[in-house]
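Make the full structure from the sequences, and use the hints.
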Amino acid sequence: MRADRFQKQPARWWSSLIWPLTGLALLLLFNLFFTKGFFHLEIRDGHLYGSLVDIINRGAPVMILALGMTLVIATGGVDLSVGAVMAIAGTVAAELINNPKVPFPAVILAALAVAVAAGCWNGLLVTLFRVQPLVATLVLMVGGRGVAQLITNGQQIYFEDPRLVFVGNGHLLGLPFPALLSLGMLLLTAVLTRKTAIGLFIESVGDNQTASAFAGVNARTVKFLVYTFSGLCAGLAGLIDTSNIKSVDANKIGLSLELDAILAVVVGGTALTGGRFYLVGAIVGALFIRTLTTTMYALNVKSDVAPVPKALAIIAVCLLQSPAFRRRVAGWWAARKS
Amino acid sequence: MKKYQVAKRPGAGLANSGIWLALAACCVFLSSCGEKPAEPAKPAAEGAAPIAKKKIVVGFSQIGAESGWRAANTESIQSEAKKRGIELKFSDAQQKQENQINALRSFIAQGVDVIAFSPVIVSGWEPVLQDIKKAGIPVVLTDRAVDAKDDSLYATFIGSDFIEEGHRAGEWLAKATGGKAMIAELVGTPGSAPAIDRKKGFEDVLAKNPGMKIIKSQSGDFTRTKGKEVMEAFLKSPEAKQITALYAHNDDMALGAIQAIEEAGLKPGKDILIVSIDGVKGAFQAMADGKLNCTVECNPLIGPQLFDAVEALMAKKTLPKHTGVLESVYEQSQAKDALPTRKY
Chain A
1 MRADRFQKQP
11 ARWWSSLIWP
21 LTGLALLLLF
31 NLFFTKGFFH
41 LEIRDGHLYG
51 SLVDIINRGA
61 PVMILALGMT
71 LVIATGGVDL
81 SVGAVMAIAG
91 TVAAELINNP
101 KVPFPAVILA
111 ALAVAVAAGC
121 WNGLLVTLFR
131 VQPLVATLVL
141 MVGGRGVAQL
151 ITNGQQIYFE
161 DPRLVFVGNG
171 HLLGLPFPAL
181 LSLGMLLLTA
191 VLTRKTAIGL
201 FIESVGDNQT
211 ASAFAGVNAR
221 TVKFLVYTFS
231 GLCAGLAGLI
241 DTSNIKSVDA
251 NKIGLSLELD
261 AILAVVVGGT
271 ALTGGRFYLV
281 GAIVGALFIR
291 TLTTTMYALN
301 VKSDVAPVPK
311 ALAIIAVCLL
321 QSPAFRRRVA
331 GWWAARKS
Chain B
1 MKKYQVAKRP
11 GAGLANSGIW
21 LALAACCVFL
31 SSCGEKPAEP
41 AKPAAEGAAP
51 IAKKKIVVGF
61 SQIGAESGWR
71 AANTESIQSE
81 AKKRGIELKF
91 SDAQQKQENQ
101 INALRSFIAQ
111 GVDVIAFSPV
121 IVSGWEPVLQ
131 DIKKAGIPVV
141 LTDRAVDAKD
151 DSLYATFIGS
161 DFIEEGHRAG
171 EWLAKATGGK
181 AMIAELVGTP
191 GSAPAIDRKK
201 GFEDVLAKNP
211 GMKIIKSQSG
221 DFTRTKGKEV
231 MEAFLKSPEA
241 KQITALYAHN
251 DDMALGAIQA
261 IEEAGLKPGK
271 DILIVSIDGV
281 KGAFQAMADG
291 KLNCTVECNP
301 LIGPQLFDAV
311 EALMAKKTLP
321 KHTGVLESVY
331 EQSQAKDALP
341 TRKY
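Protein chains in written order, with this note's numbering: chain A, 1 to 338; chain B, 1 to 344.
The hints are all genuine.
Some chain B residues judged to face chain A by a derived CB distance under 8 Å, without partners named:
| # | residue |
| --- | --- |
| 1 | Lys216 |
| 2 | Thr223 |
| 3 | Lys236 |
| 4 | Gly265 |
| 5 | Gly282 |
No lab work stands behind these hints: they were computed from the structure. Keep in mind that this is a model prediction, so the values were computed, not measured. All C-beta atoms, glycine included, are put in the ideal place defined by N, C-alpha and C.
Structure, rendered in structure tokens:
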């Protein structure tokens, strides 16, 4: 596998995007023919309204999670705790917003700060104590929800504060705010990783930690940073999800979204073994997963069987991604022709 | 509604003396001690006065804290246990059956007197219930039933009749719409007893009203997030314009759907009539605001009934297999008055 990298010139950034984009395009094409009104867009109450808007809106938390997850996976790690961190950030925000003494910016900052602290905790476990990322983040995945439950006392918290509600429901220039937030996060992440050396450091640590250490890259700092960043992303996703339904339920918010985020990253072309990463790919992956869910709703597929077509579609894209699979299919094709 | 005879608390005393006498019996009949320590002592206990007070220990496995309803249910059980001086071993399953089975097994290992639980889903309980039966611990099901052929596996089921709730929701809607409605349905978690039965009860009413039809049906998993998400999809479907009513299997999904309806520029409660089940405080608020039309109460405050049953079981009484819970149907006109008195 490694030899491949040297024989062929590294692919251009868009070439890895082809396969997830093909998947997404096929799915949209399917909807064009089989789902009536899927592409219907209109302006209602001064903002865009339609299924496509829903996909971007409801997909925003996973898109943002996937950005942080991409960087973590690029270092060869994984962050299982993002769903639980979402729950913690959401409960902190909901708990504070109902306290009139706390100013609004402090509410947002506190929620994000707690999420960043959770990310730091993961980073510390992975770097300082050399705990396997899977295990280190599993601790918070299991325990984090308990922390969130402690904050809310096991109760649901409702809020009506228009500023917090705006985060998940608002519109800016007719566009949904969660979508703008994820676009902003994508740009921020892309600039941070592609316009500075940190992106290269992340890839080198994920590709070959020893070699990058000899080259003078401090793997510990790099890893610590990516887990912290993943925490921040989870906090933001938690805010969006909480705000969306004007209430928080520590047990349900972000439940199993860590898996969706990992899936989005993989569909987007980043290998779980680390190394090269694709931010736009992860976003496309997240959109793909969300489009699948919305398609299931639109086609009225019963929710107890919906996971089956979803799994099939995801497997198809993963197979498209796999060079080994493509080579084999090409081999068969050539054999049949000759 | 069936009611069982409540023992006026001699249960604890009997059990206590039983254990003390079992100890005594162990000393005298050493040979019988190994196999069934408590058995030989029981008949002798009848006449004996209670010697010391030993706490009844109840293991309770809760589904989770998915809604305000559930939180009230938990609170009622915990506070009633405290009031009666019963030791409650409480375990939260976080919506997972495997967690719940683990909790039940640990209750067996801890040797609790009675096991109570609200099963997450209806199927797959027989092996663990068999084990509990072998351990000689009576089981009380609360709120949700299980799908077990052998009904000797549990002592009683205390909970609402979900089919009846579906019925009441359907009948209210039939009355409100004059038997003419195009209905969107938000189903609960697939495979769970309330989702299956609330659907069935509702559909029984539809069978009698040919003018009422379910044109959209999808699971919202009993959560607000999914309720909103699914309603958004409903409102974008080609059938969206026909929808005149919404039936949600719980209030949380209805509350989520109300948000989606508002965002679509429609008036919930007017353009689309909404009936849901549970009767949580948020639903009463929504009714007072005119956004929800009706909620069928599903009373979570079953703590007193649960521990009545536990004490009756400790007194070796047999209970009917199903014990109903007191509940009613609320409409918008009653919402404002009822709102301050709602505990959950």
